[in-house]
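Colleague: Given next are the chains, with one letter for each unit.
Number of protein chains: 2
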Amino acid sequence: MKKTAPWLALASWLTALTLHGAVDALPSWNDGRGKQSILSFVSDVTTPGKATFVPSPERIAVFDNDGTLCIEQPAYIQCCFAMERVKAVAAQHPEWQEQEPFKSALAGDLKGVLGSGVRGLTQLPTSACAGLTLDEYDRVVRDWLANSRHPRYARPYTECVYQPMLELLAFLRTNGFKTFVVSGGTVEFMRVWTEKVYGVPPEQVIGSTVSNQFELRNGQAVMVRRAEIELVDDKVQKALSIEHVIGRRPILAFGNSDGDLPMLQWTASGGGRRFCAFVHHTDGQREYAYDRNSPIGRLDKGLDEAAARGWTVVDMKRDWNRVFPFEAASTGR
Amino acid sequence: MKKTAPWLALASWLTALTLHGAVDALPSWNDGRGKQSILSFVSDVTTPGKATFVPSPERIAVFDNDGTLCIEQPAYIQCCFAMERVKAVAAQHPEWQEQEPFKSALAGDLKGVLGSGVRGLTQLPTSACAGLTLDEYDRVVRDWLANSRHPRYARPYTECVYQPMLELLAFLRTNGFKTFVVSGGTVEFMRVWTEKVYGVPPEQVIGSTVSNQFELRNGQAVMVRRAEIELVDDKVQKALSIEHVIGRRPILAFGNSDGDLPMLQWTASGGGRRFCAFVHHTDGQREYAYDRNSPIGRLDKGLDEAAARGWTVVDMKRDWNRVFPFEAASTGR
Numbered sequence: 000m001k002k003t004a005p006w007l008a009l010a011s012w013l014t015a016l017t018l019h020g021a022v023d024a025l026p027s028w029n030d031g032r033g034k035q036s037i038l039s040f041v042s043d044v045t046t047p048g049k050a051t052f053v054p055s056p057e058r059i060a061v062f063d064n065d066g067t068l069c070i071e072q073p074a075y076i077q078c079c080f081a082m083e084r085v086k087a088v089a090a091q092h093p094e095w096q097e098q099e100p101f102k103s104a105l106a107g108d109l110k111g112v113l114g115s116g117v118r119g120l121t122q123l124p125t126s127a128c129a130g131l132t133l134d135e136y137d138r139v140v141r142d143w144l145a146n147s148r149h150p151r152y153a154r155p156y157t158e159c160v161y162q163p164m165l166e167l168l169a170f171l172r173t174n175g176f177k178t179f180v181v182s183g184g185t186v187e188f189m190r191v192w193t194e195k196v197y198g199v200p201p202e203q204v205i206g207s208t209v210s211n212q213f214e215l216r217n218g219q220a221v222m223v224r225r226a227e228i229e230l231v232d233d234k235v236q237k238a239l240s241i242e243h244v245i246g247r248r249p250i251l252a253f254g255n256s257d258g259d260l261p262m263l264q265w266t267a268s269g270g271g272r273r274f275c276a277f278v279h280h281t282d283g284q285r286e287y288a289y290d291r292n293s294p295i296g297r298l299d300k301g302l303d304e305a306a307a308r309g310w311t312v313v314d315m316k317r318d319w320n321r322v323f324p325f326e327a328a329s330t331g332r
Numbered sequence: 000m001k002k003t004a005p006w007l008a009l010a011s012w013l014t015a016l017t018l019h020g021a022v023d024a025l026p027s028w029n030d031g032r033g034k035q036s037i038l039s040f041v042s043d044v045t046t047p048g049k050a051t052f053v054p055s056p057e058r059i060a061v062f063d064n065d066g067t068l069c070i071e072q073p074a075y076i077q078c079c080f081a082m083e084r085v086k087a088v089a090a091q092h093p094e095w096q097e098q099e100p101f102k103s104a105l106a107g108d109l110k111g112v113l114g115s116g117v118r119g120l121t122q123l124p125t126s127a128c129a130g131l132t133l134d135e136y137d138r139v140v141r142d143w144l145a146n147s148r149h150p151r152y153a154r155p156y157t158e159c160v161y162q163p164m165l166e167l168l169a170f171l172r173t174n175g176f177k178t179f180v181v182s183g184g185t186v187e188f189m190r191v192w193t194e195k196v197y198g199v200p201p202e203q204v205i206g207s208t209v210s211n212q213f214e215l216r217n218g219q220a221v222m223v224r225r226a227e228i229e230l231v232d233d234k235v236q237k238a239l240s241i242e243h244v245i246g247r248r249p250i251l252a253f254g255n256s257d258g259d260l261p262m263l264q265w266t267a268s269g270g271g272r273r274f275c276a277f278v279h280h281t282d283g284q285r286e287y288a289y290d291r292n293s294p295i296g297r298l299d300k301g302l303d304e305a306a307a308r309g310w311t312v313v314d315m316k317r318d319w320n321r322v323f324p325f326e327a328a329s330t331g332r
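Chains A and B, in that order, give the protein sequences. Each residue of the first sequence is one higher than the one before, starting from 0 at the first, in numbering that gives the first Met the number 0. Each residue of the second sequence is one higher than the one before, starting from 0 at the first, in numbering that gives the first Met the number 0.
Don't take every hint at face value.
Which copy is meant is left open, because identical chains are indistinguishable; a pair holds if it fits in one copy or across any two.
Claimed, not checked - Taking lysine-lysine pairs in the DSSO-like style, the calculated list, with each CA pair at most 27 Å apart, reads:
| # | residue 1 | residue 2 |
| --- | --- | --- |
| 1 | Lys110 | Lys195 |
| 2 | Lys300 | Lys34 |
| 3 | Lys34 | Lys49 |
| 4 | Lys86 | Lys110 |
| 5 | Lys49 | Lys177 |
| 6 | Lys316 | Lys300 |
| 7 | Lys234 | Lys300 |
| 8 | Lys34 | Lys195 |
| 9 | Lys49 | Lys86 |
| 10 | Lys195 | Lys177 |
Simulated from the structure, these hints should not be mistaken for laboratory data.
So that you can see chain A by itself, here it is in the shape it has in the complex (with noise of 0.2 Å):
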């Protein structure tokens, strides 16, 4: 009685077609050990038969969010979006004059917030947004991303995503994998744009948290953002975070500083095939060179052990022929 559907032979036919290069699924990646790396494992967890095999449903994929699959330079879009927010509502807040990281913040400080750590670049949207309900909070984002732009390439900070990670994340999907963003961002901002700029649905976003009280207003359900942050999803956290959430360990992880590495080590000790990967920012010109040494996305015993494990660094430079969307593909190496 079970037979192939055709679509489902079609899509597999179309998936066959991708993995043997007569499609380009990737179009924005080089030739290189990047893409081949990401081929090879596709087919190895896709193809039936194979000891790699891996059931679709089994097939967990997980993104940091800045610098992964979104520009974190010169700061992370939610600092942007936190350091305008907090000089909104500054006029309520006359404490902030001399707290940091709001001080570094009104003054226009970007280093002197940064040095705040990521429980800081936390704490600044979640002060600057406390006492909103969530519609309220939503409508305060969306209008911040539509007129708002990144100061170098003058375009919406949701256009200067990575054009080579949209069309992985695309790939990953039409192969059965259920992709998460998985970020030290609070969950709620990056709700608002993931699921138009990636196709990554709100409920597969994983991120910083910030309390939330329920309220009945005239019998109506409503809930306030609170000023209190509830766990803040970097490092260790974020490989916890996947548990608690996902309850399946990945079998892809892809991130760019070493706050992703206990999610990588997490993905990478479970049994059987397994990717993990870095995108390292090497293209200065293109974007922007740095990793060892950087305040933001700092990427050094990532590195290290990346080389060791055998990893694949993805080198920005090197592997993609077209860093944004809005960017022309250039002719590649």
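Position chain B relative to chain A; hints supplied.
Modeller: Chain B in isolation, oriented as in the chain A frame:
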């Protein structure tokens, strides 16, 4: 260029058949208000062009577990597990002889254990499984489920689930819903069996959480359960967890106790068509009859609010012609 694919047309035709009764997707539900309210809701949100139409990605449905999808009498399944587990490891914890809820668990005193409330009920398995890696924990739960039996039905606990609710879960998924379990039980306990029993994958299970420790053992990442509860997923926290993990407001919520009320209130307070329902345990013969005064699954305020708001109250005795999968269907009302 855009044409409806033939299999979409087929799916739509099958749905229409189901909704109009030519194929009964809910055979264990008697014709009556409960079943009709479900069919009418699903038709309203899935019929393109209707003002009440909801796009598939927004069709989020949440279900409480104990007492809504599975039996919770004479004690929550996880409580039965914990009581046995406490005995098994008691030799390593002489202090438990004098501490509640351990003392009651060791004496086999279910009433004493239940008296410790949801937090005590969460602490029991948490303490009894502390120190296990997640893989070890998984095996312990699997072994217990395979070897234990419900005291009344002499069946594995995972067979003591409600056939009408299994049909409802499948019916909703067929109609483009994403089904989530939102339970007071700890999330890893449920994930061992929800996919097989309910068709709900691990990443769609939300529950109480235990603090895990991330460790590198010979370079391999493992997680070890700590004795510490992170979050008790009950009452208002159920609504807050839905927001944190799913990030979309559900359009359907099903519970059976006052602990589920905030989850239903949160669901009901969204715009557009919503469906909220309680399972009312009215069948002392086939199952257990309990509501306003029960220490387990108390349904008191919920019954009043359901009446005031016109939510569906499923009368188990009247609405279900079959309770468990292992029962033959009765001839109806």
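Colleague: Hints first: check each against the structure and report whether it holds.
Modeller: Okay, the hints, checked on the actual structure:
| no. | hint | result |
| --- | --- | --- |
| 1 | Lys110 x Lys195 | neither (31 Å within a copy, 51 Å between copies) |
| 2 | Lys300 x Lys34 | within (23 Å within a copy, 58 Å between copies) |
| 3 | Lys34 x Lys49 | within (21 Å within a copy, 46 Å between copies) |
| 4 | Lys86 x Lys110 | within (17 Å within a copy, 56 Å between copies) |
| 5 | Lys49 x Lys177 | within (21 Å within a copy, 31 Å between copies) |
| 6 | Lys316 x Lys300 | within (21 Å within a copy, 62 Å between copies) |
| 7 | Lys234 x Lys300 | within (12 Å within a copy, 43 Å between copies) |
| 8 | Lys34 x Lys195 | within (25 Å within a copy, 36 Å between copies) |
| 9 | Lys49 x Lys86 | neither (57 Å within a copy, 44 Å between copies) |
| 10 | Lys195 x Lys177 | both (16 Å within a copy, 19 Å between copies) |
In terms of the numbered hints stated before, the structure departs from hints 1, 9, listed from lowest to highest.
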